[in-house]
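> Based on the provided sequences and hints, a complete structural model is requested.
Chain by chain, the residues run as shown.
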Amino acid sequence: MTDQSLQDQALQAIAAAPDLDALQAVKTRYVGKSGLVTKELGTLGKLPPEERKARGAEINAVRGAIEAALTEREALLKQAALDAKLASEAIDVTLPGLPLPAGGLHPINRVYDDLTAIYERMGYAVIEGPEVEDEHHNFEALNVPWYHPARDLQDTFWLEDGRLLRTHTSPMQIRYMVNHEPALKVVVRGKVYRYEATDATHEAMFHQLEGLVVGDGISMTDLKGTIAEMARGLYGPTARVRFQPSYYPFVEPGADFAVWWENPRGESKWLELGGCGMIHPNVFKAVDDLREAEGRERVYEGKTGFAFGLGPERIAMLKYGIPDIRYFYANDPKVIGQFRGELG
Amino acid sequence: MKLPYTWLKELLPDLPAAAELEPILAQLGLPLEGIEDVPAPIEGVVLAAVTEAAPIEGTQLTRLALDVGPHGARTIASGAPNAVGLRAGTMVALVTPGTTLGGMEYGVRMLQGVESWGMAASAKELNLGEAAAGLMLFPAGTAAPGTPMHTVWAADSVLDVEVTPNRADVLSVLGLARDLAAFLKLKLVMPDAGPQPANSGSKGEGEIRVSLPPRGLIIERDPSRKLRFGCDHFAARTVSDIQNGPSPLWMQRRLTLAGMRPIDLIVDASNYVMLELGQPTALYDRRDVTDDQIIVSFGLRQGETVRDLMGGEHQAGPEDLLILDGRPVPVSTVAEAFATAGEVKVGQGVLGIAGIMGGEHGRVRADTTDVVIESAHFDPVLLRRTSTRLGLNTDAVYRYERGVDPLLAPRGANRVAGLLAAAGGTVHPGLTLVGTPEVPGVIQATGSQIRALLGMDIPTSEMEEILTRLGCTVSAEGDALTVTPPSWRIDMAIWQDLAEEVARLHGFIHLPETLPTLRVHASNIGAEKEGLARAGLRRALAGLGAQEVVTYTFTSDEEAAKARAEVPGVRLRNPLTADRTAMRTALYPSLLKAAGAHAKGERVLIFEIGRIFPASGEAERVGLLMRGDLAPKTHQPQIAGSFGAFKGLLESLAASLGAGVEVRQLRGDAVPTALHPGIAGELVWNGQSVGWIGALHPAVAAEFGLKGETFLLEAALPLPGRAWAFRDPSRAPAAWRDLAVIAPTAVSYGEMAALLKAEAGALLETVEPFDVYVGAPIPEGERSVAVRLVFRGEKTLTDAEVDPVMERLIGAIRAQGWGIRDK
Numbered sequence: 001m002t003d004q005s006l007q008d009q010a011l012q013a014i015a016a017a018p019d020l021d022a023l024q025a026v027k028t029r030y031v032g033k034s035g036l037v038t039k040e041l042g043t044l045g046k047l048p049p050e051e052r053k054a055r056g057a058e059i060n061a062v063r064g065a066i067e068a069a070l071t072e073r074e075a076l077l078k079q080a081a082l083d084a085k086l087a088s089e090a091i092d093v094t095l096p097g098l099p100l101p102a103g104g105l106h107p108i109n110r111v112y113d114d115l116t117a118i119y120e121r122m123g124y125a126v127i128e129g130p131e132v133e134d135e136h137h138n139f140e141a142l143n144v145p146w147y148h149p150a151r152d153l154q155d156t157f158w159l160e161d162g163r164l165l166r167t168h169t170s171p172m173q174i175r176y177m178v179n180h181e182p183a184l185k186v187v188v189r190g191k192v193y194r195y196e197a198t199d200a201t202h203e204a205m206f207h208q209l210e211g212l213v214v215g216d217g218i219s220m221t222d223l224k225g226t227i228a229e230m231a232r233g234l235y236g237p238t239a240r241v242r243f244q245p246s247y248y249p250f251v252e253p254g255a256d257f258a259v260w261w262e263n264p265r266g267e268s269k270w271l272e273l274g275g276c277g278m279i280h281p282n283v284f285k286a287v288d289d290l291r292e293a294e295g296r297e298r299v300y301e302g303k304t305g306f307a308f309g310l311g312p313e314r315i316a317m318l319k320y321g322i323p324d325i326r327y328f329y330a331n332d333p334k335v336i337g338q339f340r341g342e343l344g
Numbered sequence: 001m002k003l004p005y006t007w008l009k010e011l012l013p014d015l016p017a018a019a020e021l022e023p024i025l026a027q028l029g030l031p032l033e034g035i036e037d038v039p040a041p042i043e044g045v046v047l048a049a050v051t052e053a054a055p056i057e058g059t060q061l062t063r064l065a066l067d068v069g070p071h072g073a074r075t076i077a078s079g080a081p082n083a084v085g086l087r088a089g090t091m092v093a094l095v096t097p098g099t100t101l102g103g104m105e106y107g108v109r110m111l112q113g114v115e116s117w118g119m120a121a122s123a124k125e126l127n128l129g130e131a132a133a134g135l136m137l138f139p140a141g142t143a144a145p146g147t148p149m150h151t152v153w154a155a156d157s158v159l160d161v162e163v164t165p166n167r168a169d170v171l172s173v174l175g176l177a178r179d180l181a182a183f184l185k186l187k188l189v190m191p192d193a194g195p196q197p198a199n200s201g202s203k204g205e206g207e208i209r210v211s212l213p214p215r216g217l218i219i220e221r222d223p224s225r226k227l228r229f230g231c232d233h234f235a236a237r238t239v240s241d242i243q244n245g246p247s248p249l250w251m252q253r254r255l256t257l258a259g260m261r262p263i264d265l266i267v268d269a270s271n272y273v274m275l276e277l278g279q280p281t282a283l284y285d286r287r288d289v290t291d292d293q294i295i296v297s298f299g300l301r302q303g304e305t306v307r308d309l310m311g312g313e314h315q316a317g318p319e320d321l322l323i324l325d326g327r328p329v330p331v332s333t334v335a336e337a338f339a340t341a342g343e344v345k346v347g348q349g350v351l352g353i354a355g356i357m358g359g360e361h362g363r364v365r366a367d368t369t370d371v372v373i374e375s376a377h378f379d380p381v382l383l384r385r386t387s388t389r390l391g392l393n394t395d396a397v398y399r400y401e402r403g404v405d406p407l408l409a410p411r412g413a414n415r416v417a418g419l420l421a422a423a424g425g426t427v428h429p430g431l432t433l434v435g436t437p438e439v440p441g442v443i444q445a446t447g448s449q450i451r452a453l454l455g456m457d458i459p460t461s462e463m464e465e466i467l468t469r470l471g472c473t474v475s476a477e478g479d480a481l482t483v484t485p486p487s488w489r490i491d492m493a494i495w496q497d498l499a500e501e502v503a504r505l506h507g508f509i510h511l512p513e514t515l516p517t518l519r520v521h522a523s524n525i526g527a528e529k530e531g532l533a534r535a536g537l538r539r540a541l542a543g544l545g546a547q548e549v550v551t552y553t554f555t556s557d558e559e560a561a562k563a564r565a566e567v568p569g570v571r572l573r574n575p576l577t578a579d580r581t582a583m584r585t586a587l588y589p590s591l592l593k594a595a596g597a598h599a600k601g602e603r604v605l606i607f608e609i610g611r612i613f614p615a616s617g618e619a620e621r622v623g624l625l626m627r628g629d630l631a632p633k634t635h636q637p638q639i640a641g642s643f644g645a646f647k648g649l650l651e652s653l654a655a656s657l658g659a660g661v662e663v664r665q666l667r668g669d670a671v672p673t674a675l676h677p678g679i680a681g682e683l684v685w686n687g688q689s690v691g692w693i694g695a696l697h698p699a700v701a702a703e704f705g706l707k708g709e710t711f712l713l714e715a716a717l718p719l720p721g722r723a724w725a726f727r728d729p730s731r732a733p734a735a736w737r738d739l740a741v742i743a744p745t746a747v748s749y750g751e752m753a754a755l756l757k758a759e760a761g762a763l764l765e766t767v768e769p770f771d772v773y774v775g776a777p778i779p780e781g782e783r784s785v786a787v788r789l790v791f792r793g794e795k796t797l798t799d800a801e802v803d804p805v806m807e808r809l810i811g812a813i814r815a816q817g818w819g820i821r822d823k
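For the protein sequence lines, the chains are Z and H, in the order given. Quick note: the first sequence, position 5, residue 5 per this note's numbering, numbers continuous. Quick note: the second sequence, position 799, residue 799 per this note's numbering, numbers continuous.
Since the hints were made in silico from the structure, they are not lab data. Incorrect hints may appear among the rest.
What the hints assert, rightly or not - Below, computed lysine-lysine pairings styled on BS3-like, alpha-carbon distance capped at 27 Å:
no.: 1; chain 1: H; residue 1: Lys2; chain 2: H; residue 2: Lys124
no.: 2; chain 1: H; residue 1: Lys226; chain 2: Z; residue 2: Lys285
no.: 3; chain 1: H; residue 1: Lys9; chain 2: H; residue 2: Lys124
no.: 4; chain 1: Z; residue 1: Lys334; chain 2: H; residue 2: Lys600
no.: 5; chain 1: Z; residue 1: Lys78; chain 2: Z; residue 2: Lys27
no.: 6; chain 1: H; residue 1: Lys593; chain 2: H; residue 2: Lys562
no.: 7; chain 1: Z; residue 1: Lys33; chain 2: Z; residue 2: Lys53
no.: 8; chain 1: H; residue 1: Lys600; chain 2: H; residue 2: Lys707
no.: 9; chain 1: Z; residue 1: Lys46; chain 2: Z; residue 2: Lys33
no.: 10; chain 1: Z; residue 1: Lys334; chain 2: H; residue 2: Lys707
no.: 11; chain 1: Z; residue 1: Lys191; chain 2: H; residue 2: Lys529
no.: 12; chain 1: H; residue 1: Lys707; chain 2: H; residue 2: Lys633
no.: 13; chain 1: H; residue 1: Lys185; chain 2: Z; residue 2: Lys334
no.: 14; chain 1: H; residue 1: Lys2; chain 2: H; residue 2: Lys187
no.: 15; chain 1: H; residue 1: Lys600; chain 2: H; residue 2: Lys647
no.: 16; chain 1: H; residue 1: Lys633; chain 2: H; residue 2: Lys600
no.: 17; chain 1: H; residue 1: Lys593; chain 2: Z; residue 2: Lys191
no.: 18; chain 1: Z; residue 1: Lys334; chain 2: H; residue 2: Lys633
no.: 19; chain 1: H; residue 1: Lys9; chain 2: H; residue 2: Lys185
no.: 20; chain 1: Z; residue 1: Lys334; chain 2: Z; residue 2: Lys191
no.: 21; chain 1: Z; residue 1: Lys191; chain 2: H; residue 2: Lys562
no.: 22; chain 1: H; residue 1: Lys9; chain 2: H; residue 2: Lys187
Listed below in C-alpha cells is the structure:
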C-alpha cells in the first residue's frame with residue numbers, strides 16, 4: 001500500500017467513525033502501538049541510512065495528517081455526545097415549580113416597621129409593655145384623675161378585678177420613666193382597647209405608636225421637628241406638618257398634628273394623624289412619686305420632654321386604601337397576604 | 001357645641017364671614033366638626049293668630065280659628081297635642097294652600113267637618129329643628145297676622161365646634177366670642193346684663209333666704225383627699241306676674257338653631273342664658289319654694305328617692321348635693337341628717353339634684369306666674385360623681401363638671417330675670433347672693449421659661465400683651481410675669497398653661513422645627529434589645545414561609561372550653577358582646593380561629609406574636625400553625641404536611657436564629673389536653689423549656705370546624721439566648737461509626753440520643769438517625785434505631801481513640817436494658 005492510499009484509507013475510516021469508541025478503534029488500527037503507520041515506521045531501520053531520513057519524514061507526514069484528523073473528529077464527536085446529553089435533559093421550564101409557602105408580615109406590623117425604622121434612625125429604642133393596666137398607670141399618673149371629664153374621651157373596658165385594658169400606650173411613659181433615668185428617647189408599640197362598638201372605622205382593639213423624649217431643655221420645636229421627620233420618612237420629602245392646639249391631660253401645651261400628603265393615587269390633603277405635646281409636670285411628679293415609693297431617686301423634676309401618639313391602622317388605611325378597619329383582624333389570607341414587598 | 005353664626009356676630013360685630021371661620025377656630029384649638037347652612041322657612045309659610053281653639057267632638061282634633069291677615073279668617077283642624085286650649089292671640093306657623101313641603105302640596109281639605117286651610121306646622125315639618133314637639137307656637141303680637149315667616153326667621157349658618165374638656169370657658173356664645181376677640185383683636189359687645197339688683201354689692205337681701213352646706217366633704221376615692229366645697233356661690237332672684245307660654249320667636253329661633261327644643265318662656269329663658277353665658281340656671285315655681293327658703297344640702301340619707309321633672313326616680317345619698325326648700329327639715333349637714341334621720345320625711349322638699357336636674361317638686365308649670373331663679377356654682381367633682389352614678393347627663397352638668405365661671409352666678413340670675421321681664425314679668429329688685437367662690441390663683445412665670453419650653457422667640461412684652469387680651473391681669477417686672485387668670489379660665493393653673501396660651505394666640509403655625517439633641521442616660525442602653533429580637537423572630541418566621549396574623553385578644557369561656565385552654569381569669573366587667581367576655585389565656589385558640597378564615601383544603605402556615613393573660617400573669621407568646629401539604633401536589637408529587645415537616649420548620653427557624661432546639665416527648669398527663677396524646681412534645685430552646693409542639697387533638701379540631709391534621713406550637717417570649725463564642729472549625733477528618741440500638745418503642749429517640757451524647761464526651765460531634773425499624777427479627781414492642789456517630793478531634797482520630805468510646809457507649813446501652821443489633 002502506498003503512503004497515500006494508507007492515509008486516504010485512514011482518513012476515510014476516521015470520517016466514518018460514528019462515535020468515540022469507533023474512533024478509538026481507528027486510532028489503534030493506524031497510530032496505536034502496533035498500528036499500520038507505527039509498523040511502517042518500524043521498517044525504517046532496514047533502510048540504508050541515506051534513505052532513512054527522507055522515508056521517515058514521509059511516514060511522519062502521513063501520521064501527522066491522521067492524528068490531526070483524529071483530534072478533529074474526536075472534538076466533533078465529543079461535542080455531539082454532549083449536545084445529545086443536554087438535549088435529553090431538556091425541561092419545560094414553563095411548568096410551575098414546587099409550590100412552597102411564601103410568608104409575610106401583617107400590614108399593621110408593616111406600618112409599625114416603617115415607623116419604627118424612622119425612629120430607630122433617630123436613635124430611639126422601640127419598646128412594648130403590658131396591655132392589662134391598673135387605673136393608676138392608665139389614668140391617675142397621666143394627670144387624668146377619676147373625676148375628670150377627660151375620662152369620657154376614652155371609654156374603658158374595666159376588668160372584674162378593678163384593673164382595665166389600657167386605653168392608650170401612654171401608661172408606658174410612666175413605666176419606662178420609673179425604670180430609667182433621663183435623658184431618654186423611646187417609642188412604644190402595642191395594642192390598646194376602647195369600649196366602642198365596632199364599625200368600618202372603629203374597633204374595640206387597635207394599635208398605637210407612642211413617642212417619649214425627656215431631657216434638659218427639650219422644647220416644643222423639637223417635638224414639631226421630630227414629627228416632621230417622621231412625616232417625611234412616611235410620605236416623602238414633600239410632606240409638611242401642621243400643629244393645632246388640642247388637649248390631652250398628660251401634656252401642656254398639647255397639640256394635634258396633621259401631615260400634608262401628596263397622594264400619588266388621589267386627592268392630596270391634610271391627614272389628621274395624632275396628638276402630642278409637652279409632658280405635663282404632674283406626670284413627672286407622678287413618676288418621681290412612684291420612684292420614691294420604690295426607694296429610687298427623684299430625677300424628673302425640672303426636666304422637660306415631649307410625647308406623641310398615633311394609630312398605625314389609620315395610616316395603613318389611608319396609605320394602602322384599606323376601606324374597613326375590621327379587615328385587619330379578620331385575617332383573610334387574600335387581604336393580609338397582599339402586603340408584601342415595596343408598598344409605595 | 002352648636003351655635004348660630006349670627007348670635008356670635010351679635011357679640012362680635014367685626015367677625016369674619018362664617019365660611020372663613022374654620023381655619024381660624026382650628027388655630028385656636030377649637031376645630032369645627034361642621035358648618036351647616038340652615039335655610040329660612042320656605043315661602044308660603046305665614047304667621048297666623050289663633051282667635052279660637054275648640055275641640056272637635058268625638059275626635060282627637062282641635063279646630064283652630066285663625067286670623068291670617070291679608071288671607072282673611074280661616075280655620076284648620078289640628079291633631080297636635082299642644083293645639084288643645086290655645087289662648088287667643090297665640091300665633092302659629094301656617095303652611096298656606098298651594099305650598100309644597102316635603103314633596104307634598106298643601107291645599108284646602110275638609111277634616112271632620114272643618115275646612116282645613118293648609119296646615120299648622122311643627123319645627124320638624126318646616127325643617128327647622130329635629131325635635132317634633134307639636135306645633136310651633138309664638139306669643140301674641142309676634143308679627144302682624146299673615147307675615148311671611150321667612151321675614152322674621154332668617155337663614156343662618158350653624159357652627160358645630162368641638163370643645164375639648166379643658167375649655168369649659170368656650171361652652172357658650174360669650175366664651176367663644178371672647179376667645180375669638182382675643183385672637184383676632186376684635187371688639188366684644190357684652191350681652192345685656194339684665195336688671196341690676198337694688199342691693200348690688202351687699203349680700204343676702206333678696207326675697208329668698210339661701211343657706212349653703214358647710215365646706216368639708218372628702219370623697220373616699222379621691223386620692224387628693226381634697227375638701228369638696230359643694231356650693232360656693234349661689235344667686236337667687238325672683239320674678240312674678242309671668243304669663244307662661246311660648247317664648248319669643250327670636251329666642252326660639254336661636255335655641256332651635258343651637259339644637260335645643262323650645263319648651264315655654266320660663267324654661268327657654270334658662271336655656272338661652274346657659275347657651276349665651278355658659279351659666280346653667282334652675283327656675284322653680286315659687287309656690288313650691290316653701291317659706292321662700294332654699295337649702296343647699298347633701299342628701300339626708302342613703303337611698304333618698306328624688307323624683308325629677310321628667311318623672312324619673314333617683315336614689316340620692318349623703319354625698320349627693322340637693323336643693324331643698326324651707327320645709328321644716330331641721331338639718332343641713334350630713335352628720336345632722338344621720339343623727340336625726342328618723343324624724344326627717346325624705347324626698348318631700350327636694351327641689352332638684354344640684355346642677356343636674358330639677359325636681360318634680362318646684363317644676364315650672366303652664367300656670368306658673370312667680371319663679372325663683374337659681375344661678376349657682378357647684379363643685380365639679382361632686383356633680384360629676386352624682387351624674388355618673390345616677391346616669392343623668394344634662395347640658396347643665398356637662399358644663400358644671402368641666403367648670404363654670406365661679407363668679408358668673410349673679411350675672412346669670414340677672415340675665416334670666418331680664419329676659420322674663422321683657423316678656424312681661426316683674427322682677428323683684430333684690431338679689432340674694434351667698435358664698436365665697438374660689439377663683440383661679442396667681443401664676444408666677446418668666447418669659448425665658450416660656451420661651452425655653454416652646455422653643456419660640458416670643459418677647460416677654462408680647463406674652464404680657466397676649467395674656468392681657470385673654471382677660472388675665474398681668475404685672476411684668478423685667479422677665480418675670482405675675483398673672484391672675486380671669487375667673488372663667490379655671491383651666492389655667494401653672495406656668496405651662498400660660499405657655500400654651502401664648503403659643504396659641506401667637507400662632508402654632510409659627511412654631512419652627514428642630515430636633516432634640518441629647519445623649520441618653522446609661523440606664524437606657526440596651527432598651528431596644530427585646531424589640532430587636534422580636535423583629536428578628538418575626539422576619540425569620542415570615543422568611544420560613546409563614547404569614548403573620550394579628551388576632552383579637554378577647555375570648556369567652558365557651559371558646560376557651562372548646563380549645564381546652566385555661567379558663568379565663570382576666571374578665572371584662574363591661575363586655576360588648578357575648579363572644580368577647582374575657583382575655584385569652586393562650587395564643588393557639590386565636591390561631592385556630594384564624595386558620596378557619598382559610599378556604600377548605602388550602603395550605604395554612606400562619607404565626608402570631610401576641611400577649612396572653614393566664615392566671616400566672618400577662619405574658620408574650622409566639623405561635624405557629626400548619627395545615628395541609630407543605631407543598632401541594634401539582635404536576636409534581638406533593639410534600640405532605642406531617643409532624644416531621646412541621647418540626648423541620650421549627651429546626652430551620654432555630655438554626656437561622658443560631659439557637660439550639662430540642663423536642664422532648666410528652667406522655668400521659670404531661671400532654672397539653674389540646675394536643676394529640678401521641679404527638680406532643682416539650683419545646684426546649686437553648687436548653688430551656690419554653691413551650692410545646694404537637695398535633696391538634698381531633699376533638700378540638702372538630703370544635704373549630706377543622707378537618708385533617710393541624711400542627712401547632714406555642715412558646716414563651718422572649719426566647720432564651722445562649723452564650724456565644726467563636727469556634728475555629730477543626731480541619732482534621734472525621735471518624736464515623738454506625739450503631740443500631742434496640743429498645744422498647746416507648747423509649748424516644750431523644751432519650752437515646754441524650755444518653756449517647758452524655759456518655760460519648762467531647763469527641764462525639766453529631767448523632768444522626770438513619771434508620772428506624774420495627775418488625776422481625778426485632779421482638780414485639782421494641783424497635784431498632786440505627787444512628788451514625790461522627791467523631792472529630794484536633795488531629796486525625798485513630799481506632800485506638802474511637803474504639804474505647806464505642807465500648808463505653810455499648811456498655812451504657814446495655815446498662816439501660818437495651819440491646820445492640822448486630823450487622
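> If a hint holds in the structure, say so; if it does not, say that too.
Now the hints, each set against the structure:
no.: 1; hint: H/Lys2 - H/Lys124; verdict: holds, 18 Å
no.: 2; hint: H/Lys226 - Z/Lys285; verdict: holds, 18 Å
no.: 3; hint: H/Lys9 - H/Lys124; verdict: holds, 26 Å
no.: 4; hint: Z/Lys334 - H/Lys600; verdict: holds, 14 Å
no.: 5; hint: Z/Lys78 - Z/Lys27; verdict: holds, 15 Å
no.: 6; hint: H/Lys593 - H/Lys562; verdict: holds, 11 Å
no.: 7; hint: Z/Lys33 - Z/Lys53; verdict: holds, 21 Å
no.: 8; hint: H/Lys600 - H/Lys707; verdict: holds, 9 Å
no.: 9; hint: Z/Lys46 - Z/Lys33; verdict: holds, 19 Å
no.: 10; hint: Z/Lys334 - H/Lys707; verdict: holds, 21 Å
no.: 11; hint: Z/Lys191 - H/Lys529; verdict: holds, 20 Å
no.: 12; hint: H/Lys707 - H/Lys633; verdict: holds, 19 Å
no.: 13; hint: H/Lys185 - Z/Lys334; verdict: violated, 57 Å
no.: 14; hint: H/Lys2 - H/Lys187; verdict: holds, 22 Å
no.: 15; hint: H/Lys600 - H/Lys647; verdict: holds, 23 Å
no.: 16; hint: H/Lys633 - H/Lys600; verdict: holds, 16 Å
no.: 17; hint: H/Lys593 - Z/Lys191; verdict: holds, 19 Å
no.: 18; hint: Z/Lys334 - H/Lys633; verdict: holds, 21 Å
no.: 19; hint: H/Lys9 - H/Lys185; verdict: holds, 14 Å
no.: 20; hint: Z/Lys334 - Z/Lys191; verdict: holds, 23 Å
no.: 21; hint: Z/Lys191 - H/Lys562; verdict: holds, 25 Å
no.: 22; hint: H/Lys9 - H/Lys187; verdict: holds, 11 Å
Of the numbered hints listed earlier, the single one contradicted by the structure is hint 13.
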